[in-house]
Amino acid sequence: MKKILIIEDDESVRKELEELLSNASYEVLTLESYTNMLEDILSMYPDLILLDINIPYMNGEMLLKNLRKVSDIPVIMVTSKNTEIDEVLSMSYGADDYITKPYNPTILLLRIGAVLKRGEKNIADVILYHDLSIEIKKGIAKKGSEEIILTKNEMIIFLYLYERMGSIVSRDELMTELWNNDEYINDNALTVNISRLRSKLRELGVEDAIETRKGQGYILL
Amino acid sequence: MKLRDYLKDNFFIIVLVFLTYFIIYSFMIGFKIIGEFRLCFTILYFLLFILLFLYDYFRKYFFYKEILSKLDLLDEKYLICELVSKPSFLDGEILYQMLYEINKSMNENIRDYRVKINDFKEYVELWIHEVKLPLSALILYTHNKKVDKTLVKEIQRIDNYLEQILYYIRSENTEVDYIIKKVDLNKVIRDVLLKNKDILLERGIDVVSDAQKLQVLTDYKWLEFMINQVISNSMKYMRDILNKKIEIKAYKQENSIVLEIFDNGMGIPECDIGRVFNKTFTGQNGRKVPGSTGMGLYIVSNLCKKLGHKLEIESEVGKYTKVRFIFDDNLFYSEVRNKE
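Protein chains in written order, with my numbering: chain R, 255 to 475; chain S, 971 to 1310.
These are calculated hints, taken from the structure and not from any lab test.
No experiment lies behind these values; they were computed from the predicted model shown.
Among the clues, some could well be false.
Unchecked claim - Derived DSSO-like pairs (lysine-lysine); straight-line CA-CA distance at most 30 Å:
(1) S/K1152 to R/K391
(2) R/K323 to R/K257
(3) R/K391 to S/K1157
(4) R/K323 to R/K256
(5) S/K1214 to R/K468
Turn these sequences into a full structure, and let the hints guide you.
Right, dumping it as structure tokens:
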């Protein structure tokens, strides 16, 4: 389980963030005090830090600057200051991403996922699912010599479900992921894409790959 | 200062000069002074006064000419005292001293107001950032507790209004707080559309976007705000039809890149379209749709002016509205691109 450290001094935001992240199956760490932040951070070995700019004692940007001298733990700056100057400054101090409050929670999770993924060097081009091999870049699903082409949307949906195999993914999450990839489809199109993906997987012999959970979403088995 | 006006102004003195001349002249005749002497006297007398008047006229003429022409060229007219040299005649000196004192006190006044306005702006900005904290907590809360989406939409409306006042303040501010750099149009459009995703989907508005991987030079956050305003308008003034849509595209024109946002909404009447960028103008559509402030497009056009982008709007009632941002593809830009 990945460990995420939240540095945020607004208590209600911090509590809700903790809940959001632990629901998304991350281990959540928080700071007890803001006096010895650098040492505290380093002793916790987090995989990622969500850092607010307005924190007591030391500005978030300064903390980041000091942290970068000794460590390259991924840092996402979170702030309600939304000028480009703040963002450019943060990025130049070595932030991996910059998100302004109030943020959409689904998008926050996507961005966290993206930054964490950047850390893992080898992202496979080919993934195995049951007895199928899915070639991501070519956009095809293979079983032996049988090949079926997946459209860009179907691939996005499949990958998103695959990364969360066995847990329920809501339609809203899928929609956000698709829109995040510049595919601005509507509700009907999402339904169509999922049923098409389902039938393509069936053609390759994987029956009932995607299960519908009424009112909750989909789950890849 | 024209010579005629000057003479008119000194009419009484001139009459006195002539009167004195005639009195002296009649005395001369009375005392039987010879004609040659009288002629000499006449010439010398008038020459003296002509010289006196000319001297007086010209030193005033040059001072006022300088002050008037500089005043004409000056944008901030109250700075005139800094620019003219001190006059050498009494009236002028008094005038100059008065101007100087008046300006000084006005400048102090202006400074006070500036400081007050700046403090106010700073406080409002700070305040907006403070308000965003509970808003963030609320959004996270609704997500965690899986509360109805209507709540999220209302929170988003608050956020939109907050952004509007934030950018209003920024657009009126003389200080520069933007950074011009390369901005990927696809990315800005994506950020804006993601923000409005729920409302777009709920209202059944189809979105098509094709920015052709074009990049423009602008401030990312400002552009994001501007596109968001335009799209909010598109959503707000949508007609109740079957295939509602918003189409965003970007393309190259000679020396510029155009970002066009099209919607097939209710459109803007011809009599209103010239005024949509005016402050607090709401027009006919404003009366149809609740919550029109007439500020959105005004702020957008102001920001565009600051960034040096052109903004165009085109519409037909009951059919469509098109808003175009035109980004100059300037020399610096092609220089940057050639290096890559």
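S/K1214 and R/K468: Cα distance at most 30 Å? 28 Å, holds
Verify the proposed pairing of R/K391 with S/K1157, using a straight-line Cα cut of 30 Å. Holds, at about 22 Å.
Take the C-alpha atoms of R/K323 and R/K256, compute the straight-line distance between them, and say whether it is at most 30 Å. The given pair, whose Cα atoms are some 23 Å apart, holds under the 30 Å limit.
Given the hinted pair S/K1152 and R/K391, is their Cα-Cα distance within 30 Å? 28 Å, holds
Hinted pair R/K323 and R/K257, Cα distance within 30 Å: Distance ~21 Å between R/K323 and R/K257 Cα, so the pair holds.
The structure agrees with every numbered hint stated previously.
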